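Peer 1: Please model the complete structure; the sequences and the hints are all you need to start from.
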Amino acid sequence: MKLRRYMMLYKHIMFNKSFIIALFMVPVLVSMFLLVGNKDEGFFSIGIKSDAENLEFINKIVDMDSVIDFRMLDEDTDPENEVLNGSIDAAWVIEGNLVEELTECIVKNEYHPVIKVKNKDESISIRYANILLDCILFDEVTPIIFENYSLKFSEYYGNEETFEKAFLNRKTTAKFVESTYLEDLDTKSVALLPVRGLLGLFLVLLGFLISINLSKDYEKGLFVWWNTKNVLLRDYLYYLGPMLAGTVMMVLAQFILNDNNDVLKEILSALLLMLAIIVSSNLLRAIIISPRRMSVFLPVLLLINLVFCPIFVKFSLALGIRLLLPLFYYLRGVTYDMYIYGIIIYILVIVLGQLLLNRFLKRK
Amino acid sequence: MSFSKYFVTQLKRIKKLFLPTLGFFAIFAFILGIGALSYVKRIDENNKKVITIGVVGENDTPIISGLLGVLEKFDDIGYTMKFPSMTKEEADEAFLNENLSAYCIIPDGFEEALMYDRPHENIVFVKREGAYGLDDIYFSDMLPKISEVISDVNSGVYGFKDAFEEITGSYDSNVVNDLFLKYIDHFLDRSELVEIKDLTKEKSIGEMGTLILGLSLVFVFLFALTASPYFIDQKIDFLILVRSKGLNSAKEILAEYIAFLVYAIFLTALISFLVYAVGLIGIIRVYLTSGFVFTLFLICLMIFALQFFMYEILNGTIAKILAQFLVYIFMTYVSGYFYPAKYFPKVVREMGRLLPSGVALDSYKNAFINKLELMDFVGVISYMVIFLVLTIVVRDIKLKKEFR
Numbered sequence: 003m004k005l006r007r008y009m010m011l012y013k014h015i016m017f018n019k020s021f022i023i024a025l026f027m028v029p030v031l032v033s034m035f036l037l038v039g040n041k042d043e044g045f046f047s048i049g050i051k052s053d054a055e056n057l058e059f060i061n062k063i064v065d066m067d068s069v070i071d072f073r074m075l076d077e078d079t080d081p082e083n084e085v086l087n088g089s090i091d092a093a094w095v096i097e098g099n100l101v102e103e104l105t106e107c108i109v110k111n112e113y114h115p116v117i118k119v120k121n122k123d124e125s126i127s128i129r130y131a132n133i134l135l136d137c138i139l140f141d142e143v144t145p146i147i148f149e150n151y152s153l154k155f156s157e158y159y160g161n162e163e164t165f166e167k168a169f170l171n172r173k174t175t176a177k178f179v180e181s182t183y184l185e186d187l188d189t190k191s192v193a194l195l196p197v198r199g200l201l202g203l204f205l206v207l208l209g210f211l212i213s214i215n216l217s218k219d220y221e222k223g224l225f226v227w228w229n230t231k232n233v234l235l236r237d238y239l240y241y242l243g244p245m246l247a248g249t250v251m252m253v254l255a256q257f258i259l260n261d262n263n264d265v266l267k268e269i270l271s272a273l274l275l276m277l278a279i280i281v282s283s284n285l286l287r288a289i290i291i292s293p294r295r296m297s298v299f300l301p302v303l304l305l306i307n308l309v310f311c312p313i314f315v316k317f318s319l320a321l322g323i324r325l326l327l328p329l330f331y332y333l334r335g336v337t338y339d340m341y342i343y344g345i346i347i348y349i350l351v352i353v354l355g356q357l358l359l360n361r362f363l364k365r366k
Numbered sequence: 003m004s005f006s007k008y009f010v011t012q013l014k015r016i017k018k019l020f021l022p023t024l025g026f027f028a029i030f031a032f033i034l035g036i037g038a039l040s041y042v043k044r045i046d047e048n049n050k051k052v053i054t055i056g057v058v059g060e061n062d063t064p065i066i067s068g069l070l071g072v073l074e075k076f077d078d079i080g081y082t083m084k085f086p087s088m089t090k091e092e093a094d095e096a097f098l099n100e101n102l103s104a105y106c107i108i109p110d111g112f113e114e115a116l117m118y119d120r121p122h123e124n125i126v127f128v129k130r131e132g133a134y135g136l137d138d139i140y141f142s143d144m145l146p147k148i149s150e151v152i153s154d155v156n157s158g159v160y161g162f163k164d165a166f167e168e169i170t171g172s173y174d175s176n177v178v179n180d181l182f183l184k185y186i187d188h189f190l191d192r193s194e195l196v197e198i199k200d201l202t203k204e205k206s207i208g209e210m211g212t213l214i215l216g217l218s219l220v221f222v223f224l225f226a227l228t229a230s231p232y233f234i235d236q237k238i239d240f241l242i243l244v245r246s247k248g249l250n251s252a253k254e255i256l257a258e259y260i261a262f263l264v265y266a267i268f269l270t271a272l273i274s275f276l277v278y279a280v281g282l283i284g285i286i287r288v289y290l291t292s293g294f295v296f297t298l299f300l301i302c303l304m305i306f307a308l309q310f311f312m313y314e315i316l317n318g319t320i321a322k323i324l325a326q327f328l329v330y331i332f333m334t335y336v337s338g339y340f341y342p343a344k345y346f347p348k349v350v351r352e353m354g355r356l357l358p359s360g361v362a363l364d365s366y367k368n369a370f371i372n373k374l375e376l377m378d379f380v381g382v383i384s385y386m387v388i389f390l391v392l393t394i395v396v397r398d399i400k401l402k403k404e405f406r
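These protein sequence lines map, in sequence, to chains A and B.
Residue numbering for the first sequence is 3 to 366, as defined by the numbering used here.
Residue numbering for the second sequence is 3 to 406, as defined by the numbering used here.
Hints listed in this document are in silico derivations from the structure and should not be mistaken for laboratory results.
Note that the structure is predicted; figures quoted are calculated from it, not measured.
It is possible that some hints are incorrect.
Unchecked claim - Here are the computed lysine-lysine pairs in the DSS-like style, where the Cα-Cα straight-line distance is at most 25 Å:
no., chain 1, residue 1, chain 2, residue 2
1, B, K14, B, K253
2, A, K222, A, K13
3, A, K118, B, K75
4, A, K173, B, K147
5, A, K177, B, K184
Said to hold, decoys possible - Beyond 12 Å from chain B on every Cβ pair, some chain A residues (computed):
no., residue
6, T79
7, P81
8, K120
9, K231
10, I289
11, R295
12, L305
13, I323
Quick reminder that beta carbons are idealized off the backbone N, C-alpha and C, glycines included.
Peer 2: As structure tokens, then:
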């Protein structure tokens, strides 16, 4: 009997063409995001123009694994034109033999430009590319500085080969630095990273909209004939059907977005997020009460979540506010398991808070 | 019912939105204030963003301390980098309290292992998860290169030590340090090897400017949500009654939309005030021109026309707002509000520019740099008209169905 009542409630929210369309928009839009964000050519493009004698150096750059897409420019291409017409974001032009030029700089201890950079707009990307160029050049310069320095010793000791051999022996491609988080990151799809947060925000929005609906149903007197000792449980179950549908769509979209996800962790964290949203939305409903006031509060809720959860920007202030937002735990939980436990504590605290509030309101 | 009567009714409904919008505006300004505080906290006296990376472990060894010293002088990226030394516990606490951008752990005996060519653990960077700005993306891309730089210094400095030892049978640290200093000197003089030519011919707001404007326009889209109670309160029964009194769909929608002009003026005034305040504080350089205010007003009107259309074709509060949110987010994303559109494939980039969000961003950018052209208005106004006509058609079909 009770199940039938709930099914009727769910029917009244979910069996609506527009609601179904809105739900299915989630995986469809995420697939489109995937199409948009996965750019094979890289994040930023740099054209390199040089004489054939620097081919080895250029090939090394072109083959480099980077968010920058390095391309070799034809001999007859004007690099400035390419930059100006937007075919590439910047151009590196090397005139003459690079190693010879660098050697001259180091031997004479007089540096002069060996690479000409042509770019448009001083942006972070341009600045990063210039720093990268410094590092690439350093790789070329190290053996030259070494050779030049060891020359005076080899002249004295007469053992040039030993120096060269020792240098090559030490040369390694082994890693010296690693990152706890970024290492597995596919930098080419990095523009898709906010999508996870946005999907979570979608669920937050859904939870709050169900709250508005529940408030309206209370106003209409829908529950007058539905006596129950456990009002809180009835309210939570009101959310369950549509929220579960939304969560399924969100998880589905997460898998479309990234098929390397840990299935169990993904499902568990999505379910915990769903529960946290249900309890927090219901608490907000109990505080705000009027559906009209709730719809007014809606953009505020979105704004707070957009700003304080790590979706686009990282705030280093107002940790207190962030701890009130279920989405914050969900997004942090991707890397730190402690936030998954945190979300469980959050749910318990909110339920307790709501029980106390209900008792207080009943007494009043 | 006459057009004017219906219009006055709509004005009364619009009036109800003003107070909540002001409330939302106050919260928005408060959050912006927190953002400004967070920003101020992270810039130094030269107006450069400070990136603090904690260093745990041995950082007083020659190569590591030398490289950190070089990085502190690496100011061409536009940031000031600081590398305070701390214990793991201190770093964890500072990281959790977000006083550090990241921290790196240098394993014990790392440099000694390098020196004697022994196996070693790697330096580990502990970086924040979640959101990614362009600087995070580039930091991630840079890590292998940092590894390469250490490898280069290692092969040079300690390769030299090996050879020197082999030849002379002893190790002279002064000679090795001297070579290391040459590498450091190179790093300090590196900019002389590269000649940079900026081909920018005309005034442009650049990548960062576009992103800031894009994000601010996202909030304009968000402001449109404050109008949702107006649409949600609209009852079909009332519309049927109005129609039975002789007002057709076109007149209905026009009366509603003209009433919205008042709300759009109000919203434009609020946002303009905010932009003016931001300029006054000096967080970013903003000049409030009449062209900018007018463009903002037109963009607000276009967003409302889109909202009219979406709320007309969909049923149910939940579906309407959910769809509005999803469509807005998708449109703004594709048009490059969150990440520069140039990072997307060409077809998508073009599509993004043609979408209402793309047209809005283009005109907003041009208004910002005082480079407005007639075409900027044509795009925005065309979308406004198209959405209004579509809304009238959908309302007409809906009401005809009800009358059947």
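Peer 1: Decide, hint by hint, whether the structure agrees.
Peer 2: Hint by hint, here is what the structure shows:
Our distance criterion of 25 Å between C-alpha atoms is met by K14 of chain B and K253 of chain B, whose separation comes to about 17 Å. Between K222 of chain A and K13 of chain A the CA atoms are separated by roughly 17 Å; this keeps the pair inside 25 Å, and the hint holds. Taking the CA atoms of K118 of chain A and K75 of chain B, the gap is about 23 Å. The hint holds against a cut of 25 Å. Taken as a hint, the K173 of chain A and K147 of chain B pair is honoured in the structure, with Cα atoms around 14 Å apart against an allowance of 25 Å.
Restraint check for K177 of chain A and K184 of chain B: the C-alpha separation of about 24 Å stays at or below 25 Å, so the hint holds. Once the 12 Å rule is applied to beta carbons, T79 of chain A is consistent with being away from chain B; the minimum gap is 15 Å. At the 12 Å boundary, the C-beta of P81 of chain A falls inside the reach of chain B, the nearest C-beta of that chain being 10 Å off. The beta carbon of K120 of chain A sits about 5 Å from the closest Cβ of chain B, which is not more than 12 Å, so the claim that it is off the interface is violated.
Every C-beta of chain B lies more than 12 Å from that of K231 of chain A, the closest at about 29 Å, which supports listing it as non-interface. Residue-level check passed: I289 of chain A sits 15 Å from the nearest beta carbon of chain B, beyond 12 Å. The beta carbon of R295 of chain A is not kept farther than 12 Å from every beta carbon of chain B, the shortest such distance being approximately 8 Å. Distance check for L305 of chain A against chain B: the nearest CB is about 6 Å away, which does not clear 12 Å, and the non-interface claim fails.
The beta carbon of I323 of chain A sits about 9 Å from the closest Cβ of chain B, which is not more than 12 Å, so the claim that it is off the interface is violated.
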